[in-house]
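A.B. asks: As they're listed, the protein sequences go chains H and Y.
In terms of my numbering, the first sequence has 4 at position 3, counting the first letter as 1, and numbering is strictly consecutive.
In terms of my numbering, the second sequence has 87 at position 86, counting the first letter as 1, and numbering is strictly consecutive.
Treat the hints as calculated values from the structure; they're not laboratory data.
Ideal Cβ placement from N, Cα and C applies to all residues, glycine included.
It is possible that part of the hints are untrue.
Once the Cα atoms are required to be at most 30 Å apart in a straight line, the calculated DSSO-like pairs of lysine-lysine come out as [as the list claims (entries may be wrong)]:
1. K58(H) x K71(Y)
2. K10(H) x K58(H)
3. K109(Y) x K58(H)
4. K72(H) x K10(H)
5. K71(Y) x K52(Y)
6. K15(H) x K58(H)
So, partial list: chain Y residues that the calculated Cβ filter (under 8 Å) puts toward chain H [what the hints assert, rightly or not]:
7. P82
8. S83
9. G86
10. G101
So you can see what is in the structure, the chains are spelled out below.
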Amino acid sequence: NAGVTQTPKFQVLKTGQSMTLQCAQDMNHNSMYWYRQDPGMGLRLIYYSASEGTTDKGEVPNGYNVSRLNKREFSLRLESAAPSQTSVYFCASFGDSGANVLTFGAGSRLTVL
Amino acid sequence: GQQLNQSPQSMFIQEGEDVSMNCTSSSIFNTWLWYKQDPGEGPVLLIALYKAGELTSNGRLTAQFGITRKDSFLNISASIPSDVGIYFCAGQWGNMLTFGGGTRLMVKP
């Protein structure tokens with residue numbers, strides 16, 4: 002099924018541990034995004050990639066790094082996790098033709114103890 | 002960064018009632034979108050609005066793109082239990098979206 006796939010769905014980390022969230026889309030979209038969702042704060046953009054080979058900071062980039070591995074894949078890395086990074090993370094991709102709407106993955110719930 | 006003010010933050014209504022929520026912005030957008038998020042899932046697009054003044058319906062949902070391009074509303078008529086979830090507005094400019102804080106809708110059977 003076409004769409005955005007992100008893994009893992011759940012993860013528990015200890016403070017200071019590192020991890021990478023993986024995201025892949027099979028819609029041939031150029032743009033990909035990572036958001037975090039916290040209660041009452043909606044969706045906040047962490048990083049985005051307008052095209053393969055480019056990445057840019059969003060609203061809340063501190064503590065994160067990203068890699069646009071190829072057109073399909075866009076990963077988010079936490080080098081040294083902090084409790085403030087406990088959140089639900091969503092990957093999304095955007096088509097540059099046709100309907101031009103953002104399509105989301107199912108989310109990754111991360112807890113940092 | 003840009004901010005979207007979405008209201009109300011939450012609603013607890015009786016099944017069969019109509020629902021209205023809205024978003025306002027200090028900046029203009031060229032597209033307004035409304036998403037719904039079910040528990041444990043990512044947001045799913047409900048309605049997209051591409052022109053100022055546009056009024057679009059999708060079943061029991063109706064949304065409008067404000068004439069000033071700085072606001073939008075979403076109405077749900079005759080609510081049913083499966084309407085429960087969080088509704089997000091989003092303003093789009095180019096390939097960048099800004100989201101409202103969400104409206105949590107709860108429906109009492």
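A.B. asks: Look at each hint and say if it fits the structure.
C.D. replies: Now the hints, each set against the structure:
no., hint, in the structure
1, K58(H) x K71(Y), "holds, 25 Å"
2, K10(H) x K58(H), "holds, 24 Å"
3, K109(Y) x K58(H), "violated, 41 Å"
4, K72(H) x K10(H), "holds, 22 Å"
5, K71(Y) x K52(Y), "holds, 12 Å"
6, K15(H) x K58(H), "holds, 25 Å"
7, P82, "violated, 22 Å"
8, S83, "violated, 18 Å"
9, G86, "violated, 13 Å"
10, G101, "holds, 6 Å"
Hint compliance for this structure: hints 3, 7, 8 and 9 are not met, and every other hint is.
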